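Student: Sequence:
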Amino acid sequence: MLCLVPTPIGNLEDISKRSLSVLMDAELIFCEDTRVTKKLLNLLGEKNNLDFSNKEYKSFHSHNENQILQSLTKETFTKNVVYVSDAGMPCVSDPGATLVDYCIKNNITYDVLPGANAILTAYAMSGFSHTTFSFYGFLDHKGASRASKLSDVLNDDKLAILYESPHRLLKLLEELSIKDANRTIFLAKEISKLHQKTFKNSALNLFNEFKDMNIRGEWVVIVEPKETVGFNLDIEDITSLDIAPKIKAKLIAKMTGQSIKEVYQQILDRIPE
94 MLCLVPTPIG NLEDISKRSL SVLMDAELIF CEDTRVTKKL LNLLGEKNNL
144 DFSNKEYKSF HSHNENQILQ SLTKETFTKN VVYVSDAGMP CVSDPGATLV
194 DYCIKNNITY DVLPGANAIL TAYAMSGFSH TTFSFYGFLD HKGASRASKL
244 SDVLNDDKLA ILYESPHRLL KLLEELSIKD ANRTIFLAKE ISKLHQKTFK
294 NSALNLFNEF KDMNIRGEWV VIVEPKETVG FNLDIEDITS LDIAPKIKAK
344 LIAKMTGQSI KEVYQQILDR IPE
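Everything in the sequence shown is counted per this note's numbering, starting at 94 for the first residue and increasing by one.
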């Protein structure tokens with residue numbers, strides 16, 4: 094079978110006894126980076142008096158996953174196979190999902206152990222009382238795709254959670270402060286590590302606080318949802334309005350992502366002759 098094992102995101106004590114047991118029983122370990130995993134298991138071995146030296150390690154990451162998947166057979170999983178990413182929960186902004194999908198499609202038994210995860214830890218740390226959130230991973234570095242995704246973040250009616258690297262955090266705070274200076278932002282730095290720290294303030298205040306700071310570490314950013322006033326319209330609300338079909342088509346296309354021409358034809362088809 095396959096077992097996905099979450100690894101510590103900072104503190105080695107975050108590893109569970111169950112995870113250590115599964116790793117000890119593993120015969121083949123797929124890793125995001127074999128060097129990182131071997132180093133981690135050496136540290137865990139020293140700390141817990143365990144020997145991980147007799148394992149077979151193979152890399153499995155975004156650049157080689159298709160090649161590895163093509164080489165797999167059901168016989169591969171007659172061994173105890175484990176997958177670990179460099180840190181945290183596999184498949185969450187990390188590789189692993191295609192390996193799980195392979196098991197589902199080929200009727201191979203698999204399991205996922207619970208464990209360390211930066212998203213949920215930051216969510217619990219944030220003090221926001223909202224019960225729903227959207228996860229955006231890392232935003233694109235630049236260009237129209239970054240601007241579009243940032244617009245999605247700011248217009249989300251749920252908490253928006255994303256990751257950011259130290260050399261782009263200030264750029265993100267500047268963008269947020271320009272677009273919505275008073276929006277409340279929560280920042281968590283180096284979760285579960287020695288220099289863990291959190292901040293919560295308006296986008297503008299955080300930008301002013303950070304612009305002269307030497308920013309280091311990995312960051313989780315949580316953005317307060319956009320405040321909505323009144324009730325949200327749905328498609329039926331627009332369809333029932335006494336307005337020109339072309340205007341209806343433009344509004345519905347904006348909501349659904351369909352082409353205006355397609356929506357306009359659908360509206361015309363509904364009009365009785």
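Think of the hints as simulated: they come from the structure by calculation, not from any bench.
Watch out, some of these pointers could steer you wrong.
In silico DSS-like cross-links for lysine-lysine, where the CA-CA straight-line distance does not exceed 27 Å [as the list claims (entries may be wrong)]: (1) K319 x K347; (2) K148 x K131; (3) K167 x K131; (4) K354 x K343; (5) K319 x K354; (6) K319 x K341.
Being a predicted model, the structure only gives us computed values, none of them experimental.
Student: Hint compliance check: list the failing hint numbers for this structure, sorted ascending.
Tutor: Going through the list in order, the structure violates hint 5 alone and respects the others.
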